[in-house]
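Protein chains: 4
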Amino acid sequence: MKTHEIVLDGQRLTIKDIIRVARKKDKIIIADHAMDKVVAGRQFIEQQVYSEIPVYGLNRGVGQNKDQHVSPEQYERYNHSLLLSHCISVGPEASEETVRAAILIRLNTLLLGYTGVQPEIVRMYQAFLNAEISPIVYERGSVGAADIGCLASIGLALIGEGEVRYKGVRMAAAEALEKCGLKKIRLGPKDGLAIVSSNALFIAKTVLFIQQVEVFLNLANLIYAMSLEGFDGNVTPLNRSVVDAKKAEGQKKTAAAVRKYLESSYLWDGHKRKNLQDPLSFRGAFSVHGSVRDSLDYLKNQVSIYLNASEDNPAVLVNEKEIISCANYEITTLVLGIEMINLALCHMARIACFRIIKLGNPEFTGLPRFLAPKDKSVLGFATIQKTIAALEAEIQDLCRPVSTNFFPLAGDIEDHATNSVYAVQKSEKIMDNLYYIFGIETMHAAQAIDLRGNILLGKGTKQLYQSMRCRIAFLDQDRNLSIDIEKAYKLLKDNVMSSNNVYF
Amino acid sequence: MKTHEIVLDGQRLTIKDIIRVARKKDKIIIADHAMDKVVAGRQFIEQQVYSEIPVYGLNRGVGQNKDQHVSPEQYERYNHSLLLSHCISVGPEASEETVRAAILIRLNTLLLGYTGVQPEIVRMYQAFLNAEISPIVYERGSVGAADIGCLASIGLALIGEGEVRYKGVRMAAAEALEKCGLKKIRLGPKDGLAIVSSNALFIAKTVLFIQQVEVFLNLANLIYAMSLEGFDGNVTPLNRSVVDAKKAEGQKKTAAAVRKYLESSYLWDGHKRKNLQDPLSFRGAFSVHGSVRDSLDYLKNQVSIYLNASEDNPAVLVNEKEIISCANYEITTLVLGIEMINLALCHMARIACFRIIKLGNPEFTGLPRFLAPKDKSVLGFATIQKTIAALEAEIQDLCRPVSTNFFPLAGDIEDHATNSVYAVQKSEKIMDNLYYIFGIETMHAAQAIDLRGNILLGKGTKQLYQSMRCRIAFLDQDRNLSIDIEKAYKLLKDNVMSSNNVYF
Amino acid sequence: MKTHEIVLDGQRLTIKDIIRVARKKDKIIIADHAMDKVVAGRQFIEQQVYSEIPVYGLNRGVGQNKDQHVSPEQYERYNHSLLLSHCISVGPEASEETVRAAILIRLNTLLLGYTGVQPEIVRMYQAFLNAEISPIVYERGSVGAADIGCLASIGLALIGEGEVRYKGVRMAAAEALEKCGLKKIRLGPKDGLAIVSSNALFIAKTVLFIQQVEVFLNLANLIYAMSLEGFDGNVTPLNRSVVDAKKAEGQKKTAAAVRKYLESSYLWDGHKRKNLQDPLSFRGAFSVHGSVRDSLDYLKNQVSIYLNASEDNPAVLVNEKEIISCANYEITTLVLGIEMINLALCHMARIACFRIIKLGNPEFTGLPRFLAPKDKSVLGFATIQKTIAALEAEIQDLCRPVSTNFFPLAGDIEDHATNSVYAVQKSEKIMDNLYYIFGIETMHAAQAIDLRGNILLGKGTKQLYQSMRCRIAFLDQDRNLSIDIEKAYKLLKDNVMSSNNVYF
Amino acid sequence: MKTHEIVLDGQRLTIKDIIRVARKKDKIIIADHAMDKVVAGRQFIEQQVYSEIPVYGLNRGVGQNKDQHVSPEQYERYNHSLLLSHCISVGPEASEETVRAAILIRLNTLLLGYTGVQPEIVRMYQAFLNAEISPIVYERGSVGAADIGCLASIGLALIGEGEVRYKGVRMAAAEALEKCGLKKIRLGPKDGLAIVSSNALFIAKTVLFIQQVEVFLNLANLIYAMSLEGFDGNVTPLNRSVVDAKKAEGQKKTAAAVRKYLESSYLWDGHKRKNLQDPLSFRGAFSVHGSVRDSLDYLKNQVSIYLNASEDNPAVLVNEKEIISCANYEITTLVLGIEMINLALCHMARIACFRIIKLGNPEFTGLPRFLAPKDKSVLGFATIQKTIAALEAEIQDLCRPVSTNFFPLAGDIEDHATNSVYAVQKSEKIMDNLYYIFGIETMHAAQAIDLRGNILLGKGTKQLYQSMRCRIAFLDQDRNLSIDIEKAYKLLKDNVMSSNNVYF
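Residue numbers (our numbering), protein chains in the order written: chain L, 106 to 609; chain H, 106 to 609; chain Y, 106 to 609; chain G, 106 to 609.
It cannot be assumed that every hint is accurate.
You can't tell identical chains apart in this list, so a pair holds if it fits in one copy or across any two.
[Unchecked claim] Below, a list of computed lysine to aspartate or glutamate pairs in the EDC-like style, where the Cα atoms sit at most 20 Å apart: (1) LYS142 / GLU427; (2) LYS121 / ASP141; (3) LYS479 / GLU237; (4) LYS592 / GLU198; (5) LYS272 / GLU427.
These are calculated hints, taken from the structure and not from any lab test.
Modelling step: build the complete structure from the supplied sequences, incorporating the hints.
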């Protein structure tokens with residue numbers, strides 16, 4: 106994938122763009138007409154500086170301190186204090202790709218002109234991305250109503266304080282600025298708030314998660330298809346007319362994908378199958394995957410709106426000549442979308458476990474117990490059931506929603522929150538466990554296929570089978586399975602992380 | 106609302122139709138072309154009766170008994186046994202409107218022609234609805250992969266067994282059939298499965314819940330608007346330009362609704378407000394309500410698909426001349442939609458509680474503590490905070506998802522489920538608590554308005570204020586508040602339950 | 106069981122006493138030395154009436170109104186207002202036995218002399234119990250830091266307001282007092298607080314729940330023993346030496362109980378069993394029951410302390426001549442005990458379900474699938490698996506803790522709570538579902554025993570088998586199982602509710 | 106702390122011993138009479154080798170393979186295969202102290218003589234501990250019914266396979282054995298099972314967690330005492346007579362501790378306090394801490410039983426001359442104890458947050474808002490509220506039980522589990538967040554004390570105050586608070602981890 110340039114104007118940033126900038130280091134260009142809006146917003150702010158009308162975060166403090174006056178000569182110091190006192194988050198550190206995504210997302214929404222930020226900050230965000238300067242950001246410190254406590258450290262980097270990674274090397278922010286010939290920002294009115302009052306960290310993580318789910322869902326469909334082959338399962342439930350009768354969108358898409366992966370497979374032969382009806386984990390899995398699809402589509406649609414919308418408080422309305430306090434950073438819809446998809450992934454995980462267990466059961470497969478080779482002394486995939494059960498139990502726990510648990514902060518003013526960042530951190534852990542579980546399913550499917558002997562695989566499943574067998578041999582003797590599991594995990598994870606191209 | 110006739114053909118049943126039939130007893134007509142499909146499906150089934158090809162639930166048993174042969178002469182007895190052995194559910198009894206909705210929904214999907222049911226059963230479903238015969242159905246016995254254990258008792262009623270309500274009076278099914286001049290069904294091949302293999306109970310409850318949320322959301326917006334008046338809150342966050350800057354669909358709709366309710370309110374006056382920024386429970390509530398809206402819209406769209414789609418297993422494909430085992434009754438997407446909206450409602454509930462607490466706080470309102478009248482010896486709305494906290498704690502608990510908790514049944518064949526009915530039962534309880542919490546908010550808002558003296562209310566809020574004051578007087582002395590709360594609860598609940606017309 | 110008299114003195118109230126008074130209507134006598142303490146406490150309060158020292162709830166208000174002065178001439182009116190404004194709870198109504206238990210518990214703790222309540226109120230509580238006057242109490246309105254919003258209606262009854270049940274008949278409190286020749290209380294200083302500031306409702310429900318678990322645990326052991334017989338399971342894991350090697354208390358007790366129930370059973374014969382190791386739901390069930398035992402013992406020990414301890418705030422220390430604000434109503438330990446036992450019951454429920462499923466599986470039992478009789482056309486206990494799965498899914502949900510979810514009330518003063526009443530309401534629902542699940546297990550065990558033919562049952566299990574077969578016949582044809590389930594449920598529930606004698 | 110020798114005999118291992126061996130590398134001696142039991146057990150096993158009676162894991166396979174015969178000549182190979190096929194766990198790696206504790210615990214229970222293991226393995230465990238050889242163990246792979254999938258890698262190390270840490274350096278097991286002059290074990294009958302069939306990993310982690318809670322509870326009491334000083338709170342609720350009136354054990358202990366820490370504090374002066382009743386987070390905190398104490402005492406008592414009891418399946422009864430299949434590895438009681446204490450810790454965390462918020466509120470403290478110094482331009486501890494809220498939201502999530510979520514494995518034989526390891530992993534994360542939250546409380550308390558000026562601190566609190574101020578200066582200007590938080594976190598964590606001596 107080549108490096109491209111992406112033009113930003115606050116109106117058309119896509120998930121795909123973010124993945125490219127975050128991971129592939131694509132360069133950013135800012136559209137002139139967008140920059141004009143930023144300039145207009147700043148001019149309006151500067152006009153308000155001496156106004157008598159109290160404006161939150163401009164001539165008044167923030168949070169409960171909204172009753173305290175801030176005079177023009179205090180702006181620089183006040184905004185510096187604001188950034189410092191907002192540096193309250195704790196580890197873990199956000200990954201470099203997360204920070205890049207966050208900067209990009211905030212940069213784009215600044216271009217809508219509702220912030221009143223100084224244009225130099227906008228340019229600096231652009232410079233950070235293009236020069237590969239990535240401030241150190243800690244992830245825990247947001248309650249999910251703007252990530253103010255996490256984003257403040259990006260603000261410090263703008264003024265040459267704190268730490269950053271420059272082309273991957275950790276150093277003082279001041280040093281990185283110097284290396285790049287960048288001049289420190291001098292903070293002015295409302296700049297502190299412009300920097301911190303955003304959900305950019307949460308949305309960045311959400312976008313990266315969406316990409317993982319998107320690619321992984323393809324993989325999950327493929328692995329499920331391969332398990333069908335190992336299982337000698339019925340493919341009639343995938344029949345297009347049957348699926349169409351149900352009309353559900355997600356199911357139709359996943360069934361089509363599975364049919365495609367199974368093109369040319371022996372499963373389409375009319376031989377008599379062992380089971381009149383397979384277990385639901387085989388018979389209905391594409392339907393459950395379809396529900397992940399439905400959830401994902403909902404979340405993607407919603408995120409796409411938020412990527413190109415103002416999250417500012419107060420909002421600067423240049424045309425109306427007003428600066429209005431609001432709650433435009435509210436993101437409950439997105440967090441609920443995350444929580445729904447977490448549940449959907451849990452369904453997918455649990456039935457994957459049940460497929461794995463079935464693959465080890467001769468009653469269903471006609472193959473040796475636990476897919477051991479014929480040699481009776483080999484135990485095969487017996488105890489490995491505990492690994493999937495333990496990982497699945499974690500997913501059951503991880504998918505429990507957390508957004509509704511909040512209490513009033515900041516003098517009772519901030520009495521709604523969503524725990525957004527934590528919600529998506531849990532999503533990431535779910536994904537990680539999914540790589541393991543589906544990795545183990547792949548091990549089982551491949552072993553079952555080998556035990557079944559000479560069968561014709563589908564066009565898609567054949568490729569996966571071969572990738573697998575390049576890394577992990579047929580289990581003919583008991584061996585340390587932790588090693589095999591780690592390889593299978595890596596096979597899937599690497600595939601997801603590298604396959605931006607699959608995604609688009 | 107007059108009684109109408111609703112024409113069914115399997116393609117266009119709406120939530121609105123279901124509410125009308127379930128509650129208003131609208132009559133049902135079946136389109137001829139739809140009935141033709143049923144007949145064609147049945148003819149195909151009858152041709153298969155002597156086929157050698159094993160078909161699940163036709164010439165083979167159901168569940169794990171799919172390996173057992175059922176011969177043509179056994180059909181009636183077998184299907185009778187099937188219904189009896191599927192009568193396994195326990196109380197509570199489903200409401201009459203739920204049962205009517207369930208029959209209607211199943212009737213409509215039968216019309217798609219994928220079931221192979223005998224046409225007489227279709228006609229009997231129609232007759233049950235039009236004659237107001239409503240079998241006794243118990244709600245607990247479904248794991249959420251078709252409500253087979255709950256719907257069986259509808260099947261018994263068709264053959265004159267078990268109990269029903271006929272025009273509201275409980276009696277033996279046989280007696281009701283006789284009163285209506287209806288002839289008992291004689292069960293044939295696949296009829297048992299046709300009756301039970303459906304999610305009609307879950308979907309019926311879901312549709313009735315959707316109607317409640319739909320109407321209640323309007324009420325919640327109205328009550329929130331009235332609280333703003335009691336609070337003397339800022340309305341600038343509702344400003345159209347500000348809301349448009351955020352672009353989110355749900356928020357735009359709710360903000361517009363609130364603005365409309367507040368038309369002509371004193372809140373639009375430019376007087377100086379106490380607070381530069383109100384607490385988020387006031388400032389951002391319409392945004393949280395907007396997330397309920399977003400969740401609801403998602404669920405409605407999905408349900409609308411399922412109302413007119415096949416959920417049959419096996420599916421009878423007349424054109425393809427096949428009967429195919431499948432899992433078309435999978436409904437994970439809907440259940441996840443339910444679970445998302447439950448969470449959304451919990452957000453709405455919690456911030457309503459925080460508004461109520463704020464309304465009792467002089468620091469925020471400038472009014473007496475706990476909205477007591479000036480007389481110092483009156484305690485006012487002090488302890489009532491415990492009621493809302495207790496009810497909200499229940500909602501926090503009720504909104505926890507349950508769909509991912511399942512284990513294999515039926516000889517490990519049924520290894521996916523969703524606990525769908527339980528999920529929506531929890532939704533119903535959440536709604537009930539919401540009537541209480543928002544009823545108490547209405548009490549507070551009205552009290553605050555009275556204490557504030559002569560203020561001009563909005564066009565919408567004024568109506569609600571007056572309805573409230575017709576039932577519950579200003580609290581000038583301490584009195585037993587349980588009585589007031591019950592009245593306020595009833596005011597809201599009655600409004601929701603009777604306002605089908607508001608809905609459409 | 107005859108009616109007894111129970112002597113109260115604040116020091117020795119037992120769970121057993123409470124069950125007797127609540128259910129059997131035993132009479133109450135108050136020890137003279139205890140009454141002396143009440144009198145002494147009251148005298149001290151009366152001396153403080155004109156004191157300058159502010160005392161919470163005495164010469165100062167309650168809750169956030171602790172800054173408001175209450176003068177002696179206002180006491181009656183103030184305490185009346187206090188009761189009224191604390192009447193904020195909503196349904197469901199507490200059962201009569203719950204209300205009796207609550208009155209008894211509060212009466213006993215009043216006798217410790219830390220309250221300062223007037224002796225006439227103590228006598229009135231006694232009179233209510235002995236005359237069978239039971240005020241109407243609503244259960245929802247407590248956050249679990251004293252049930253003030255629920256107990257206020259008991260206070261109203263004391264002064265002849267509100268409603269009561271008198272010997273089971275609902276009537277105005279004033280009417281009941283008149284019928285019994287009781288004089289209305291005239292409220293004095295601190296009386297309002299004395300009445301409401303107690304966890305008596307929660308503790309009452311907890312005690313009634315403990316009794317249920319205590320008796321049910323015996324039943325569960327018995328049913329498990331009977332399932333072992335139906336299953337032809339191994340009894341060697343119950344071997345005393347093996348169990349002693351583990352040393353765990355609860356396990357030892359339950360293993361001994363099961364061995365006793367199985368005395369003389371054919372299971373002790375040395376015939377060769379099908380399975381070398383039974384599933385854990387059989388092999389280790391007594392151990393899981395033992396964990397319920399351990400949890401129950403912990404909870405019982407803790408509750409026994411609280412039954413005879415002061416929960417007053419403020420506490421009147423007559424000897425020290427002080428009235429001290431405190432938080433002696435904190436009951437987190439008890440609520441956590443409830444939440445632990447709820448989890449333990451869930452473990453017990455889930456493995457009961459797995460035993461039931463195994464009993465229907467020929468691979469394990471050698472009996473017909475789903476315990477159908479030999480006649481192939483009978484479906485037997487196939488679909489009933491859905492009932493247990495649905496009920497168990499509810500238990501999984503019900504056992505989720507709720508105590509940690511609270512937020513500040515009453516001007517941020519009351520910033521800890523436990524949701525105690527809700528926690529134990531969930532316990533009650535768990536118990537109800539357990540009656541169903543173990544009722545269904547009993548149906549399975551009896552059916553398996555019959556199918557197994559002429560086997561010798563244990564001394565204990567034989568009795569249960571016979572009770573069962575008196576109510577529910579062998580399933581030789583499919584029939585409506587909802588009816589059977591209801592009978593089995595009732596068999597167990599009646600046994601628990603009536604067997605106070607078993608308990609002691 | 107000097108290195109000691111600890112004598113093991115299966116009867117008296119204590120939590121304290123384990124901490125010493127795990128952390129301080131104390132040496133192990135095995136009592137001769139205990140070793141005799143091991144030898145006797147082994148002799149019995151060897152006699153059974155040619156027996157016709159099938160014995161699980163001896164002459165028959167394990168898990169579902171219990172139907173497969175294992176002949177004497179296969180023992181070595183079979184047990185090797187068993188270990189390999191049980192190596193199925195995935196990261197994270199257990200800490201060295203965890204692995205040492207696990208080996209010690211298993212070693213001790215081997216000494217009871219119920220295992221039948223070869224004495225050489227017992228000696229090798231001893232040698233591993235004394236020579237500081239610590240095999241690499243992965244933590245995820247246990248479902249909580251013996252940690253068989255995690256402990257297998259210890260078995261591999263015994264035979265010179267896999268990896269270990271030797272005096273902290275990672276190397277091949279074979280290399281470490283050679284360095285220490287240890288001879289590889291040659292596996293014999295039942296040895297594989299003896300190695301893996303244990304909950305040693307879970308119990309090890311539990312013991313280490315108990316030690317953390319034990320020490321931390323003291324710290325929490327101390328920090329709470331210091332917050333009382335910063336808050337100028339009422340100490341009367343700590344009054345011994347008041348506390349005694351409640352009678353609860355845990356509360357009495359914590360109140361006594363707090364009183365001791367506050368000895369000589371200005372709080373005991375009779376000056377008039379701002380508040381008649383402090384918020385419950387101050388007034389009742391020792392009671393909530395007391396509930397942690399109660400939970401901890403329950404867990405400690407239970408664990409102490411399990412440390413010296415057999416967890417073997419099958420159990421070798423030398424006296425009875427039998428080898429009996431059982432489920433003595435069931436540990437539900439312990440896991441439920443863990444889950445209860447997790448909830449208790451969550452209560453403690455939440456009220457700590459509420460104290461922190463109160464300390465920033467001038468209405469309660471009379472000090473500047475957010476404890477900012479007088480200089481108006483300093484923001485102080487405003488945004489840091491988000492850190493505690495975010496961390497507390499995690500704890501609310503982490504404390505949700507996971508033990509009841511399991512499904513059948515191993516051919517439906519293993520149908521009970523507890524997710525024990527995951528439960529205690531969550532405990533560890535809760536502890537970690539508690540260090541942060543109480544660290545931040547310490548920052549607040551110290552700041553409030555400084556702002557309050559010249560006040561006399563208690564004997565205990567003074568020490569903590571000084572430790573704090575050695576590391577973190579008074580906040581006179583806004584600065585990057587993430588740095589301060591990390592220091593405060595470390596102060597507490599180091600204290601807990603190093604203070605084994607405090608513990609005992």
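Item to complete: Please name the hints from earlier in the document that this structure breaks, with their numbers sorted from lowest to highest.
Response: 2, 3 and 5
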